[in-house]
Amino acid sequence: MRRLRYSYHMSLSFERPAWEHSFKLRCFPSTDERQKISGERISICPVHFSSSERDSFGNMCIYGTAKQVHTLFSVDAEGIAETDIHGVIPAESHKAAVFKYETPLTRAGVSIREFHRSLEPRGWTGEFERAVYMMGMLCDDFSYVSGSTGIATTAEEAFTMRRGVCQDYAHVLLALCRLERIPCRYVAGMIPGEGATHAWTEVFDGGTWRGVDPTHNRPCDDTYIKISAGRDAGDCAINQGVFYGGGKQTQSVRVVVREV
Amino acid sequence: MKVTEEELCRHSDSVNEQLARYGVKFGIYKGGQFHEQLFPFDVIPRVIGHEEFAYLERGLKQRVAALNAFLGDIYSDRRIVADGVIPEEFVFSGSGYLVQCDGVSPPGGVYSHISGIDLVQGKNGSWYVLEDNLRIPSGASYPMIARELCMRSIPSAFTGGIVDNRNYPELLRHVMDYVNTGGHSVILTPGRFNAAYFEHSYFAERTGARLVTCEDLTVENDRLYFIDYSGRKEQVGAVYRRISDEYLDPVNFNRESLIGVPHIFDIYRKGNVAIINAPGNGAADDKGIYYFVPRMVKYYLGEEAILQNAPTYLPFYEDDMRYVLENFGRLVIKDVAEAGGYGVVFGDKLSAKEKENFMAMLKAEPRRFIAQEVIDFRDIDIYEGGKRVPRKADLRAFVLTGEEPVVWKSGLTRFSRNPDSFIVNSSQGGGFKDTWVMKEGY
Amino acid sequence: MAILSCANSGRLFWLGRYTERVFTGIRALSGRSGAWAEAESKLCFDGKNPESLYCSLMYAYDNAIVLRDEIGSDTFSYIQMAVYEMNSARKSPAPMLQLQKVNDNIAAFWGMADDAISDENVRGIIKLGKRIERVDLYARGDAGNDEIRREVTRLTYRIEKTGLHYDPETLSALNELAEAEDIDRPEMIRKVESLVDFP
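Chains A, B and C, in that order, are what the protein sequence lines are.
Yeah, the first sequence ends on 260 if you go by our numbering, and it's all consecutive.
Yeah, the second sequence ends on 1442 if you go by our numbering, and it's all consecutive.
Yeah, the third sequence ends on 2199 if you go by our numbering, and it's all consecutive.
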């Protein structure tokens, strides 16, 4: 078990004034079967009304509207996460089926299918071991190159270039697992250090969800703080918004996680 | 009957003049330009006898009850999948399944408030369901206003044996009131340039529900409001929306969408507004799911389906794939993702090369297609150029669900104006007829 | 009182104005004698000239079609029929006869609106649009001072009756202008156009 202090900062700056800005934020870790969140402080600025809910994946969302004219929109969240990967409780298996099927971002095309055919056939003890094996093979053939892809890059596009960032690693592994109908999901979260948010993959195995981090080619341990999970990065968008005005927008995110 | 029909034909022009007067039109885009067109009306009605309609009514209520139960199940416990009645890929990999609706219980427990069930009658008299429309089925306004205007032009033809179909607005109003969570009921239109704008405005006039566009609505403090011209806010508790799921809420669905009401879906999830029909209904009216509807009836209601599907094959199943490939030349193949008469291929109309290509596509993506026997429709006469000529026609029956499903005693009969065509869709140039349901003893 | 959206209040206002513009425009044409000249045809039927009577009627229709639920199908149908008559007037060698029918329908539209629309506010906004447009048209045209005075009186009565927001100072200035022996017509047009504020 670990105690981790996290702080998340996101700011969206607009080239020209924006107003009637409706947003839906999904950037708040919440207590689940393997992490307990305490001392949470959230601030959103500006805001006219806001409300919260859990989406259909159980992710904490805060949504609302900033009616007033603004050129900067910022979100801050901090707190303590106590994590314990051994404290797993069974997930509802009938809810896992939706994670078996490809989505537009995780669709396997020619290059992923070809790569998949080159892998050893089945014969592993469980879904988790199979995913770890595929992750290892993927990492041998894929490089981390920051800025090489964007948020709308599909698994197939990234894999064809053989490079990408954590989102792409996670998407390609999802595409591979889904070719074998292994239920698997995309996870957005944070790991110790300073920088951006991170992304990895979870595999449904023996009635529980278990994390693997293809960017680092390792199973997830108790240094991982989960923010949200979904079928792909689209379900875990940290900020979805519409507004009038605004012009060009620039988003920056800064995450700090330290063990305490 | 015959005398009446001849009388109707004599007044065909005056009825169509009346329809023009009231602007009974539909919109169509041609070469990127919007045009309003009169919806051609044929004065000879489809007549359904009392007994026959009673049979259809029982079957339609049963079918819609099962479809509503299915939607409630797949967005909660998914028992039908767990019990192996429907393969999970037909539920979860279809484009109509909206994962965002998982775990939401709509107000009143109703998913498909207004269901448009498309039927055809075979030459032997038996009825077949061709398609279920559970998203935004349109068309009820046309036979309703046509009845009104025919009665005005030819009062002598209406001697009392026909069930009045002008109660549709009351049925619709009742459904809106039943699921309303508090406040006004409104009809949400994407605007004048929608194909069915006439219907939106006519329903608003006849139900007394306000016709609104997205700009008239706003979400604040987890409630939906209509903003009036003086800036006053009035709460809205039911939205009969005539815009599709993906354009409903740009914060939750299509981010590129320029229309929609931000956060309407968030407050719907909380039970603070009713959306008619419920988002996510596409999971139940997919052409692939259609195949399983008789099984749903059995599974949820413990009854045999009263209405039959057209004989359908799913290439997804090996036996069906074999059958489809062997009998390709006499089947009609439909792409499950397409609607409105598009994506429909008649096996006998393809050249050898096209056939070969199509079969390869079928083998590569079996889940994408269904195949059906071509039903030999019973023709209905239309009055054209001073003569009666037979044409293919279907029937869209409307089932409105509040506490329970109620079948509207009429329907939209659409016909193909081209004598060789089976496609009756209005966007492809078809016309419409009134549908007369007869009272007992007539 | 039924609820009315901001967009619809503006549409009702412009429906009133455009129907008046067509009505008074056709009446002005009917008083002329001599052959139907090129200039009249252009003024009347040119689909590319936004000032033409044809375009004005189309703008009225564009507003009416999205107001079916406010004004009712029966009231709407007169605008629809006016459009059909305008279209046949465009093709006719003696268009005045069809234009007369356009005006018959506009007159019936006003009558029907007055009779069948139960919401006072909805009725009032259409009438207000019509009254404002008429003062504007008369001040621009060759109407006599007495005719203008009468229309200003009718407008004043109408605007005081509706609960709509208007500028009272502008209204009294308008009445002062009307009382003058020689009416300052350009100033009157400016005042009447700034009396109310609709989208």
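The set of hints was computed from the structure by calculation and includes no laboratory data.
Warning: the hint list may mix true and false statements.
Derived DEER-like restraints, expressed as beta-carbon distance ranges [claimed, not checked]:
| id | chain 1 | residue 1 | chain 2 | residue 2 | range |
| --- | --- | --- | --- | --- | --- |
| 1 | C | S2118 | B | E1051 | 35 to 45 Å |
| 2 | B | F1358 | C | Y2084 | 27 to 37 Å |
| 3 | A | S7 | C | D2119 | 33 to 43 Å |
| 4 | A | E92 | C | D2119 | 51 to 61 Å |
Remember, it's a predicted structure, so these values are computed and weren't measured experimentally.
Idealized CB from N, CA, C, for every residue including glycine.
Legend entry - Hint check for D2119(C) and E92(A) - Cβ pair distance inside 51 to 61 Å: holds, 53 Å
Legend entry - Outcome of range test on Cβ distance (F1358(B), Y2084(C); 27 to 37 Å): violated, 47 Å
Inset, instruction - Kindly confirm whether 33 to 43 Å is satisfied by the beta carbon distance between S7(A) and D2119(C). - result: Since the Cβ atoms of S7(A) and D2119(C) sit about 56 Å apart, the hinted range of 33 to 43 Å is violated.
Legend entry - S2118(C) versus E1051(B) beta-carbon gap, inside 35 to 45 Å or not: holds, 43 Å
The earlier numbered hints that this structure contradicts are 2, 3.
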